[in-house]
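Put together the whole structure using the sequences plus the hints.
From first to last, the protein sequence lines stand for chains A and B. According to the working numbering, the first sequence is numbered sequentially starting from 350. According to the working numbering, the second sequence is numbered sequentially starting from 47.
Don't read these hints as lab results, they were simulated from the structure. Backbone N, C-alpha and C fix where the C-beta goes; we use that ideal spot for every residue, glycine too. Hints may be right or wrong, so weigh each one.
What the hints assert, rightly or not - Incomplete in silico selection of chain B near chain A, CB under 10 Å:
#	residue
1	VAL130
2	VAL142
3	GLY156
4	ILE269
5	SER311
6	ILE318
7	PRO326
Said to hold, decoys possible - So the derived list for chain A, only partly shown, Cβ under 8 Å to chain B, looks like this:
#	residue
8	PHE397
9	LEU448
10	MET455
11	THR463
12	VAL497
13	TYR501
14	LYS618
15	GLU622
16	VAL623
17	ILE633
18	MET636
19	PRO637
To be verified - Computed footprint of chain B on chain A, listed as stretches where at least three residues anywhere in the stretch have a Cβ under 8 Å from a Cβ of chain B:
#	segment
20	379 to 385
21	579 to 590
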Amino acid sequence: MLPVTGAGLVLLLPHVLAPYWLFIANLALIYAVAAVGLNIILGFSGQFSLAHAAFYALGAYTTALLTIKLGAPFWLSLPAGAVTATVIGALVAIPALRLGGLFLAMATFAFNQTVEWILLQWVGLTSGPDGLPVPRPALGAFVFASDVSLYYLALVVASALILAASRITRSRIGRTLIAVRDSSVAARSLGVDVERYRIVAFVLSAFYAGVAGGLYANVVLFLFPAMSGLLQVTLFLLMVIIGGLGSVAGAVWGAVVLTGVSEVIRSFKALQEVVYGVLLVLFIVFMPHGIGPGLRTAVGRLRERVRSRGLEPWGLPVTAGKPRPEDPADGQR
Amino acid sequence: MTFFLQLVVSGLINGCLYALLAVGIAMIFKATQIVNFAQGELFMLGAYVHFLGMLTALRLPFLPALALSLAAAAVTAALAERLVCRPLLGAPIVSVVIATIGVSFILKGGVRLVWGSVPLPFRPLFETRTVMLGGLVVSTQGLVIICTGLGLLGLLYVFFQFTKLGKMMRATSENRTAAVLMGINVKRMFSLAWALSAVLAAVGGILIGPLVQLEPEMGIILIAAFAALIIGGGFGNLAGAAVGGMLLGVVENLVSGYISTALQSLTPFVLIVVVLAIRPTGLFGRGEVYRSHLVS
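Here is the structure:
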């Protein structure tokens, strides 16, 4: 029952939302794809890659440039953009994954900033800091002229990819990645080709980022070099951290929540930086496994307190003092 | 030949700055196993506080502004260590590094909120003159940077080798448990490591003076610091970090002189890739790489 209503809601959404909120919904779909991709490398595979925004931007710019310079239709340029991001991802993965850990973080960080620098400097190709406007996608004679039609486009692509991610993570590949993440030594002793699976995870996440970027190009219709910037990386990181690493659903609604937040503080870069920074620190310190487990822990602790001490600490009548069998684990009882 | 030497000497100017930053990061890593992604922002903070102290209504003379800047950087770093890294003491390294990224954004955004994004021109510390040194032209600013940089690194060496506090810090880096057993206040050593490396970063920010503009994005120099550390194998080795920094500065300048100025900015990244591919431990790394948190 619930999935059906949910699906119905999602399908009817563009017709009930005001245009601004529809735009945000589109953005949320795009970010969901990117977040799910980051989750594959960071959450399931446990590799600290800071290059996600670079692949996202590469996918976006490739898609856009293919459409602008070569006149390719979106159903060609989008996959081509994704494939480009994937290939570059493979090229980066092969040397970088030999070390992993913090070296991977530093190397991918440097790669990410370098891509942003290239996008900024190669003005002839990318229009640099002015940004790159993208023509609307078209399917033959039908032009995606409204945000509503773009929503359905984004929805189709996003749902396909999110479902695929869900399948993959539940499959043998997913379990192997988790095994590699938790103990590469143990996995290796079981005959797992650790290097290959790490590359697979990296390449897969680059693919997702590339698709998200290509979608962005075709839905938001305007690109800028900061898409590859550290702020974008931080936004993606926040999405998977808040939603909970290692959970596809978590990544999706982390993306939804953060899209809302990012739109609210959109116009003030300084505010964005401070807010994202504070959120990042708070979540890493207090709820590193995401809001779900974080809340559950908090509620659990609250419940424990009430059970062991009644409601007195809060000045309320003792109604919870039901006699209980002696439990040695209860401490001073 | 003179052209080459000229490039080398000018490259040392940037190189000293990279060395200061790299040594700072290496110090924090050695003491706490954390790679501080906020080091670039400490550098930026040092520059902002110093130059704005001198230029704005405060009109501080050079030395008080310097003191204020170093104090601000040290306090910020100590706060970051206490509030962010201390609670994460047992957590996986990834979490702590993400936390330092968060700190870097808080600092960057904070500076941007207060002083805006528009780059402000520095006022040079003194008039720039050039000096002839054995047939090579060096600017006085460049000489100051090199001398201050080398001097500070030398002081640091003396501190670690010969002072009690320095030895306590080394002990903490080598074996935290043994240090605790010896009565060393390990948590204070952590704060000290952060504060000290923040001071190094702030000095770098102050020295970079007329070479660049004052803007919140200055922290981007972090990539160069990482490259310096990877090249020099500096994660377990402060001397390696310093040498890596100087080397990076020189190579960058050689690239700019012989190949293309435009490609100069790509040098750090290219070098990172090359070094990681060929000799991941860097020039002076002692093979610790494979046993440390740098590798999964």
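Checked hints:
At a threshold of 10 Å, the smallest CB-CB gap from B/VAL130 to chain A is about 6 Å, leaving the interface hint in force. Given the 10 Å rule on beta carbons, the hint for B/VAL142 holds: about 8 Å separates it from the nearest Cβ of chain A. At about 6 Å, the closest approach between the beta carbon of B/GLY156 and any beta carbon in chain A falls short of 10 Å, and the interface hint on this residue holds. For B/ILE269, the interface hint holds, since its Cβ comes within 10 Å of a Cβ in chain A; the closest pair sits about 5 Å apart.
A hinted interface residue such as B/SER311 counts as satisfied when its beta carbon comes closer than 10 Å to some beta carbon of chain A; here the least separation is about 6 Å, so the hint holds. The beta carbon of B/ILE318 is positioned within 10 Å of a beta carbon in chain A (closest approach about 5 Å), and the interface hint is therefore held. Annotation: interface hint on B/PRO326 holds; nearest CB of chain A at approximately 6 Å, less than 10 Å. Interface hint status for A/PHE397: upheld, as the beta-carbon distance to the closest one in chain B is roughly 5 Å, under 8 Å.
Because the smallest distance between the Cβ of A/LEU448 and any Cβ of chain B comes to about 5 Å, under 8 Å, the interface hint for this residue holds. Checking A/MET455 against chain B: minimum C-beta separation of about 5 Å stays under 8 Å; hint holds. Nearest Cβ of chain B to the Cβ of A/THR463: about 4 Å, under the 8 Å cut. The hint holds. A distance limit of 8 Å between C-beta atoms decides the matter here; for A/VAL497 the minimum to chain B is near 35 Å, and the interface restraint is violated.
The interface hint given for A/TYR501 is violated, since its Cβ lies 35 Å from the closest Cβ of chain B, which is over the 8 Å cut-off. Because the closest C-beta pair between A/LYS618 and chain B is about 7 Å apart, less than 8 Å, the hint holds. Given hint, A/GLU622 at the interface with chain B, holds; its Cβ is 3 Å from that chain's nearest Cβ, closer than 8 Å. Taken as an interface hint, A/VAL623 checks out: its beta carbon lies about 4 Å from the nearest beta carbon of chain B, inside 8 Å.
Given hint, A/ILE633 at the interface with chain B, holds; its Cβ is 5 Å from that chain's nearest Cβ, closer than 8 Å. Annotation: A/MET636 was flagged as interfacial toward chain B, and the flag is violated, the nearest CB pair being 11 Å apart, outside 8 Å. For A/PRO637, the shortest C-beta to C-beta distance to chain B is roughly 6 Å, which falls under 8 Å, so the interface hint holds. Interface restraint, the segment 379 to 385 of chain A with chain B: violated (0 residues with C-beta to C-beta distance below 8 Å; minimum three).
Counting residues of the segment 579 to 590 of chain A whose CB falls under 8 Å from any CB of chain B gives 5; the rule of at least 3 is met.
In this structure, the hints that do not hold are numbers 12, 13, 18 and 20, in rising order.
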